[in-house]
Amino acid sequence: MANIHRLNDDGFDRRLRLGFSNPNQNQILDPNLKIPFVSQVPPEEQDPRKESFWQMLKINLCPSFKINSITFSILVINSFVFVLECYQTTGFGQSLLEINQKSLIDMGAVVPIDIREKGQYYRVLFAMFMHASFVHLLFNQISLFIILSAIEYSYGLLNTTIIYLLSGIGANMLAANFGIDYDIYVGCSGAVTGLLACVLSYFILNWNKLEVLGPMREYILCIFIMFMLLAFLFPGPSSISTYSNIGGFLAGLFSGLAIPEPAQQGSYEKYAKISGWVLLSTFFVLILLSLYIHQ
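Per the numbering used here, the very first residue in the sequence shown carries number -8; after that it's consecutive.
Check each hint, because a few of them may be wrong.
Once the Cα atoms are required to be at most 30 Å apart in a straight line, the calculated DSBU-like pairs of lysine-lysine come out as [to be verified]:
#, residue 1, residue 2
1, LYS264, LYS25
2, LYS109, LYS200
3, LYS261, LYS25
4, LYS25, LYS200
5, LYS264, LYS200
6, LYS109, LYS261
7, LYS109, LYS93
8, LYS57, LYS25
9, LYS200, LYS57
Source of the hints: derived by calculation from the structure; they are not laboratory data.
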């Protein structure tokens, strides 16, 4: 039977063989460098040969998930709001617990014409926590469970909360600007896209510090870029989903540059943060001006 080894079993002790051009070169990965989806498993994690099935799932899918976290709070809020939707709806559709469209509109779904012409801006926030059916809720909850916990591990509770809200609001505001007048949109897909864009921001902001990863730095970045391209190629059945994904991506990318502190301070990191603030401010100012002009 093959033996199962951990990273530390061969005595490297957080040393990674990342210099592919020189296989004998050991480089030390800073233990304080929290890379989303890459360095989430604590070094003191128990021997994998003694892991249970559920421990294996947690370590591979959401190793940094905690009860006292913004991830858990948002999961609870989404579930609670969906229970309210089921209670308030006047009827269900064909899908499992599919909420009536009138009920979605009454509870705060994004309807572009209502935001543009009636100034119902509360919809861009409320719609983030609403879902159209149980299946819709389930898929978004799984995405949040994995992605949001990874971002929270890297950026902390406060920064993650701000980035998540800005991504969702930016997604819904862009959808309100350019979506079809009477389309209805609910859910946190735009915010999730923003969280994925935030991973790209992490690599941009900490590019110099991540040099220790060697070629792995470029490989990981390419994987996430390909993942984002797939998200845009298959956005969803509604045209508003495309605008929401674009808005969430831009808001997440810019806020991921502007809000968190880089792993090291230097002229490159300083200019990256300034660029993030300029782009983030410009993005929201242009959207607000566009909504104002539409009124």
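Quiz item: Is LYS261 within 30 Å of LYS25, Cα to Cα?
Solution: holds (19 Å)
Self-check item: Pair hint outcome, LYS264 versus LYS200 [Cα-Cα no greater than 30 Å]
Solution: holds (15 Å)
Quiz item: Does the structure keep LYS109 and LYS261 at a Cα separation of 30 Å or less?
Solution: Since the Cα atoms of LYS109 and LYS261 sit roughly 41 Å apart, the hinted pair is violated (cutoff 30 Å).
Exercise. Given the hint that LYS109 pairs with LYS200, test it: the Cα-Cα distance must not exceed 30 Å.
Key: violated (48 Å)
Exercise. Assess, step by step, whether the Cα of LYS200 is no farther than 30 Å from the Cα of LYS57, and give holds or violated.
Key: Measuring from Cα to Cα gives roughly 27 Å; hence the hint holds.
Practice problem: Compare the distance between the alpha carbons of LYS57 and LYS25 with 30 Å, and conclude whether the hinted pair is satisfied. | Solution: holds (16 Å)
Quiz item: Between LYS25 and LYS200, does the CA-CA distance stay at or below 30 Å?
Solution: holds (11 Å)
Self-check item: 30 Å limit on alpha-carbon distance, applied to hinted pair LYS109 and LYS93
Solution: holds (17 Å)
Exercise. Measure nothing beyond the straight line between the CA atoms of LYS264 and LYS25; if it is 30 Å or shorter, mark the hint as holding.
Key: holds (18 Å)
Violated hints, listed in ascending order, are 2 and 6; each of the other numbered hints is respected by the structure.
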